[in-house]
Each structure stands twice: as structure tokens, then as C-alpha cells.
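Chemist: First to last, the sequence lines map onto chains A and B. Just so we're aligned: the first sequence equals residues 1 to 521 in this note's numbering. Just so we're aligned: the second sequence equals residues 1 to 339 in this note's numbering.
Honestly, the hints are just simulated from the structure, not real lab data. Worth double-checking, as some hints may not be accurate.
Heads up, simulated PhoX-like pairs for lysine-lysine below, C-alpha to C-alpha not over 25 Å straight-line [claimed, not checked]:
| # | chain 1 | residue 1 | chain 2 | residue 2 |
| --- | --- | --- | --- | --- |
| 1 | A | Lys39 | A | Lys236 |
| 2 | B | Lys228 | A | Lys386 |
| 3 | A | Lys362 | B | Lys228 |
| 4 | A | Lys396 | A | Lys386 |
| 5 | A | Lys396 | A | Lys362 |
| 6 | A | Lys362 | A | Lys39 |
| 7 | B | Lys228 | A | Lys396 |
| 8 | A | Lys168 | A | Lys386 |
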Amino acid sequence: MVDVDPQEAPLERPGPADPASRAPMLRMEGIVKHFPGAKALDGVDLDVLPAEVHCLLGQNGAGKSTLIKVLAGAHQPTAGRILIDDQEISIPHPVAALKHGIATMYQELDVVDGLTVAENVYLGHELDRGGFTQRREAARRTREILGRLGHSEISPHQEVGQLSAAGKQIVSMARALSHDARVIIMDEPSAVLDSEEVENLFRVIDELTSQGVAVVYISHRLEEIRRIGDRITVLKDGVTVGRNLPVATTTTRDLIQLMTGRTVEYAFPERPGVPADAPVVLDVDGLALAGVFADVSLQVRAGEIVGLAGLVGSGRSEILETIYGARRATSGTVSVSGRRLRPGSVPSAVDAGIGLSPEERKSQGLVLTEPVYRNITLSTFARMAKGGWLDERAEKRAAREQVEALDLRPASVDREARTLSGGNQQKSLLARWLVHGCDVLLLDEPTRGVDVGARSELYGLVRRLADAGTAILVVSSEIPEVLGLADHVLVISEGRVVHRAPAQDIDEHAVLDLVMEGTAA
Amino acid sequence: MTTAQQTVPSDRPTDPAESRRSWAGRPVVRNLGLVVALVLICVAGFVTGGERFGSVDNILTILRLASITGVLAIGMTFVITSGGIDLSVGSVLGLATVWASTLATQTMAEDFHWIVIVFAALAVGAGAGLVNGVVIAYGRVVPFIATLAMLAAARGLAEMISDRRTQVLSVPGFLDFFRADLIGVPVLIWMFALVAVAGWLVLNRTTFGRRTVAVGGNPEAARLAGIKVQRHIMYIYGLAGLTAGIAAVMMLGRTTAGSSTHGMLLELDVIAAVVVGGTLLQGGRGTIFGTVLGVLIFSTLTNLFTINNMSISAQAVARGVIIVAAVLIQQRFAASKRT
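Full structure from sequences and hints, please.
Modeler: Written out as C-alpha cells, the structure is:
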């Protein structure tokens, strides 16, 4: 990905050293936002200079999303001032934000599946003449923006519902670009992108800043911030705890300390080593799903963590879902402790002691409007019930035990699941299977959208479960995570296992090489 | 191969202050609005109708009017909570009355007991509901279309069986039982009360109810948690059909006849009552208490209008306005509770 334009390369990044030389374009002062019963923001300051990439860091629940929504006009601040070019402004609704030149790319994809790409890009600000939409002009401009994003292969006339998650992200990005924005807010734009697409994103960001556009960039990935960021603002518990920190001179240790208020080693737990005589618990033999993956065989022993590494779209998630019976395998078998599972039957897998923590927590994992304890007992309430009558007291007791053991916050089992942050939602899914009691745990992207502090905690948790004898199969798009967490790694490319090795014997470069080779073949 | 519950040792205690947020209080507060509405309607009734409205006889009339719609609404609450809709309950009710009354008029055997009529109606109702359920759950036809088809088919079948004639029921035991009073209250009202209490228990206290809410709240999450979603959806429509069967028995008792026109357009009143009661049309949240209040509000209003000599057409317009107003108020209320 050597695509840096030579003319663009010497672009003098307005360095962090001279912030005084330029006035902030956007300034937020003492922003407070109360929700009934909760203070989401309690005095947040943010200065964004023209043409800078300003990174916003903070744990889940630190208030980043709320702050963005205030800027986008989706929430009204309870107190505080927002200034653009030293003029105080108010942003009563999203259109006002756009008028002030603030465009937002949300983390949750905000596209309409039934409309075309061009219609989505110009949604809300359709090009029209006398009430008739100018489809050709919209398509032309959309094509131009998609070209800038390096995605000319997406047609403006394509229906968005047919695109992949990454494709939808591109459309969402194109929409932000279609406004003549002075500030573009990107909420975890790289979460659903693979590494090549992330490169494209960075190129676009470079292009934007060279035109004087400021970017507020939110990401959990410190390496990304190191690459493209200029300055960092750190939020913690709704308060700005680190302000305008220069990316170049701030250490990771300092950042993590600011975010967590304690020193955390971003480290993986020790591997105690799986005894050679540990029994094979999960045995997958020649599993295939037509058109997605073929001939996948793997074994996971009690106490072992096996990781599947591969790019988005390599078939990793589908492999997990097929093992779990959520998809019906075209051929092959899955056995747990020697017992063959009925293909395509989730209840059969659950009865055998398999648990799945799915990739999409909100759409596949949780009943968001139900309280936390009912989400935790979603697989066990029937077992706890007596003759069909629910035993809610037992359910709450079991849920509370897990909430304490996993340090789930806030520590209330009666709150609706949608009020939890990403990391805590993830924990409640783990809790579900802990209550159930599992011999095999399938974890799909266990740390997606989870902040750094909570990550190490989750890693430790997964390792402790393995130590207790659970067989764990984990999928992640972050290769270091798979390498750091697993005992044994399977590299997946285009639906095939292209390599298997103990985690100590393979590094990130090797995995990437294998993945690329597989793609080229 | 399921092991016992696992635990992971923790290093931090929980903060008890954080668990103060009450979730359970909300449904009560939401229903409070409906109670207030019902009280206001009653006040209006006393003011305009005086003793004609407030008499015991009139109150029993209101409740009797509510009972058949009410029983259907309990079943519909389950369907809507699960994220579906059943447009066929009125037609299925009609079919069940015709089927049962045909049985009663044609079976002249000496040992014929009236309870057979009851079981016939229940079986027809549950059977039609299960057909709905199979088509929706396993055939993957959207509920709106599947039950729309049943609406047409059941009504047509009822007309074929009865030849569009009203079949008068002259089975003394049956009529004696269902037209009787129990402690001064008609049996029909007792039946409504019984079905409502049973419905509340099932929705709130049983695994069946929990599955219903989970399937309506997030079918994919329910499936991945190991719940047999398709089978459960089939049961839910079977349950709705069963309530249509119960309602058919009540209709036979009230009108002493089976007819293919019984229950015509009743599904609209039923759905309106459930939605006004606070059950979310998109599924995931249902309230039996709210449904009962919704049914009572509509029947009390109808009574109030009739006492004040309002024309049927004007009543229909008023009902439409009230449905929209009630839902608007509830949404506002829900929104203010949320943000």
C-alpha cells in the first residue's frame, strides 16, 4: 500500500508544537449532559484545530458517544458552550450540525438498506430541481466520492442492502464527505474494515486534512492513532482528563493510565500449557458450508484456547456458527466429547455444552429491552424453572453471582441490557454461558468495540475459563489478539485452513503472508 | 454433558449503590395512565348518564360486552409480544361457532353431552391457529399475509358449512350453563376474568411467556441462546386460535346461535385494545394488565356513546381518534421515561 502521493508527502502537518499559532476551529467548553439518573458528561472540553486529526480516547462509557451526539445535534447539552471560529453556536438538530459544517460517521451503520448507494449518500440533502431528484447528477458525484475513497468498484446504483458491512461503512463515509464539512467526526471507522481498507481510510483522511478539514477520530486501536493522529483528548467518566496531548510525544503507558486511572499492562495472560493427556472436547471433522468454507477439521482439548486468524470475509464467523448449528453444514461432523451433534440444530449444540458469543452483540446476542439478568439466563431460565414456572429469584441470584465475578458494571441486574457499554454487554454474554456451564465456548470477536482496559480484563477472564477446563475457540480480526490469547492458531483464508501452528511459533507477519498467499492463489 | 454452573473468581466487590435503579416500577406507572383514562370515562358516564350509566346492570352490560373481545385480546397480546399479528381471530371465531353448532344440530344421538360443543369449538380454534403457526414459523410467510389468508379462508369455510344460515342452538345444558350467573355475575364475565388471570400468569411467570418476550425482542438472539424459535411461534398462534375457540363458545352462549358472520371485523377491536393497552407492536414487550384496561376502555366508551344516543358511525370516528390519541400519549410517556 504505497500510495502516498509524492506531492502530498511533504505536506507540513501542522505540528502539535505550534497550536498557539492557529485558533481552534471548533471548541467545546464545559459540556455537561445529564440523563435521568445519570451524568453522561460532566465537564468536557475539546479544541479542534483546522486541518488536524484530533483523536478522542476513552474507555467504553467514558462519554465519547454522547459527546459526538451533542456535536451532531442528536443530544442537547445540559450546560456548556460550543464555539465555531469563536462564535457561540447551538445545535438543536442534526441539520443544524451540517449547516455549521460538522458531519458525523456513526459507529452503528446508519444506512438504509432498501435505497441505492447514491440515494443513501444524498439522503436528507437530495439534489433536486423543482422537487424532482437529479438522479444522474447524484450518481455522478457519488461515483466521484467513491473514487476518492478508492472504491470505484461500488456502483452508485447498487442497493446498499447487498453490500457487506465494510461496504456500508464506505457508503456512510461517502455521505459524510458529500457534505461540505469542515469537521468530520469518525466514530470507530476502522472497526469493520480490513487492513487494506484502513489504508484507504487513512489516505482519505490525509486528503481531507490537506484541504483544511479537521477530523475527530475515535478508535480503540492505539497503533492507528499513532499513525494518523496529531493530538489526543482523553475522556474518563464524562470528564476531560487529558487535553490536546501531542501524539508524537505521549507514551502509551501515559494514555492508558489517563484512560483507566491505573497502570495497566496491555498484556496477555500467561499460557500455562495444555497437558498432553488433556481430552479432546471439541472435534470438528471435514466441516464444509457450500460457497463459504470447506474441509475444516480442528480439535480443541480441555483447557486449550484455539484461535482462528484471518481477514474479514475469510469465513471465520461462519465456521463458528456452523459448529454451533446456527448454519447447517453441507458436510462434515461436529462432536463434543465423542458425541456427534445433530447438524443445523442450535439446541443440540447447547445441550452438548457448547456456548456461542456471537459477533454482533446487539443484533445476535442480546434482547436489548430486557433486563440484564434475563439476558444472562436466556439459555438457562427453562432449566431453572420448575414445571414451566419461572424461578426468577434463582435467575437473579445466578446473574448476580456472575455480575460480581465478572465485575460487570453497573452492578445491577435489573437494568435494561441496552444501557450497558460494549464491554459489559460482552461480559453479560459470557455470563450467560457461565451460568449454563459450558465445555466448549465459541467466542466471535470478543473484544470488538471494547476499550483497552476492559480488554486485558476479558483476556484474563477467557484464560481463567480455559484453566478451569473449558475448551475455547476464538475468532478475531486482530491478529495480535489471536496470537496473544490462543495456545494454538489456525490461519483461515478464503474458507480454508491454510496453516496451523502453536501460537509461540508464528508471528503477525507470518500470518499476514499466509493470508495473502491464500488470497492470491 | 452439561456441567454445573461455572464461576470466575473476582477481585473487586460490587457497589451496592449502583443497583438502586428500579426497572420493575415502570409497567405500573405506564398502566397508571390507562387507569386514569378509564376513570375519566366513567366520570363522563356518571355526568351524562347518571344512574343509567352507574347501575349494576349497566356495569355488567359493559363487562359482558368486553368479555369476548377481551378473551381474544389476551391471545393477541401473546402474538403481538412475539412480534407478530393475527388478523384471523374474528373469522376463526365465526368458523368455530358454525362448526360447533352444526355438530349440535346434526348429532341427535341420545348420549350427546353439551360439553362436546365446547371441545369442538376449542379444537377448531386451536387447529386453525396451529395452521397459522405452521405456515408462519415453518413456511416463513409473514404473519400479516398468513393470517389474512386464514381470515378469508375461515370465513369462507364457515359460509360453506352453514350455507350462510344462522344455526340456532337448542341444547338446554349448554345454554343453561353459559347464560347463567355465578354470584350475581354472568359466566361470560367469569370466563374473561379467568382467561385474563391465566394469561397474566403464563406471560409473566412461565417459561412460555419468557420465550414469547425473547422471541419478540430479538429472535436471532433467542435462537442463538438455544430457544426453539420456530416451534414456539407455532404454539403462540395455536394459543391465539385457542382463545378464538373460547370466544366462540362464549359467542354461542350469548347469541344462542352459530353464524358465519360472528366475529366480523372483531380482530380490529382486539388489536386496537392490545396496542392501546401498551403492548409494543414491534414485539418484545407485552402487558396483560394493559390489554384488559384497553378492552375495558373501549367497551365503556361504546356504552357511554350509546347511552348518549351517538350514532354507530360517529362512534367509529370517535374510536379512531381515541386509538391515535392513546398511542400518541403512550409514546410521549415512554419517550420521556427513556431519555
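Chemist: Next, verify each hint and record whether it holds.
Modeler: How the hints compare with the structure:
no.: 1; hint: Lys39/A <-> Lys236/A; in the structure: 12 Å, holds
no.: 2; hint: Lys228/B <-> Lys386/A; in the structure: 19 Å, holds
no.: 3; hint: Lys362/A <-> Lys228/B; in the structure: 20 Å, holds
no.: 4; hint: Lys396/A <-> Lys386/A; in the structure: 15 Å, holds
no.: 5; hint: Lys396/A <-> Lys362/A; in the structure: 22 Å, holds
no.: 6; hint: Lys362/A <-> Lys39/A; in the structure: 24 Å, holds
no.: 7; hint: Lys228/B <-> Lys396/A; in the structure: 23 Å, holds
no.: 8; hint: Lys168/A <-> Lys386/A; in the structure: 46 Å, violated
Checked against the numbered hints above, the structure breaks only hint 8 and satisfies the rest.
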